[in-house]
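The whole structure should be built from the sequences, with the hints applied where relevant.
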Amino acid sequence: MPNPRVRPGYESVMPRLVEAYGRDKAEWMMHRLRNLNVYPSLFFMDQISSQLRLVRPVAWNKTEVISQCIGVKGESAKDRENRIRQFEDFFNVSGMGTPDDLVEFREQQRGFQARLEHWSDISRGHHKWASGATANTTLLGIEPNLTGTELTHEGLYVNQHGTWRDTILKGLDKSIESQGEQA
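For the sequence shown, the numbering used here gives the first residue as 962, with consecutive numbering after it.
One should not assume that every hint holds.
Capping the alpha-carbon separation at 30 Å, the derived lysine-lysine pairs in DSS-like fashion look like this [said to hold, decoys possible]: (1) K1039 / K986; (2) K1023 / K1131; (3) K1135 / K1023; (4) K986 / K1089; (5) K986 / K1023.
Honestly, the hints are just simulated from the structure, not real lab data.
Given below as structure tokens:
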């Protein structure tokens, strides 16, 4: 993060985090930008502002993407207003930070129809993805499968699509097994 002190809630939340979790974890919480995918369709995005992004298929050829600004419990009214303004300026449809995401969603939807695009390249940053624990994940006490080492890397999509593939294949295996038992 370029300047964590301009983050919404920094002055009111950071001291509480230091007291509760220690300086290293508190700095990780307030000084970094991060994305977390809760499979299959919920993204927690903590960046310039914080949001939940829900991806919801509504038809074979239509997907709804909902972005909601979220805040920190106990932050001041001034910090909450700042958080909302930063959300609007960065994440909103008219914002400066996510038009590329919206274009990507639209193009993926077109690609899913298998008429215009042959594939969707999600390999950006693949040469720097890390498997297993890193210094940062060890600090947090987590063990991810795959980590993008830079903010713009698309490793989270590889995890998401891999889990989707594995889930579909397990379902097919169960279906085949149950058909065999019925025969």
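Structure-based check of all given hints:
1. K1039 / K986: Holds, at about 25 Å.
2. K1023 / K1131: The given pair, whose Cα atoms are some 25 Å apart, holds under the 30 Å limit.
3. K1135 / K1023: Satisfied, since the Cα-Cα distance of roughly 28 Å is no more than 30 Å.
4. K986 / K1089: 24 Å, holds
5. K986 / K1023: 40 Å, violated
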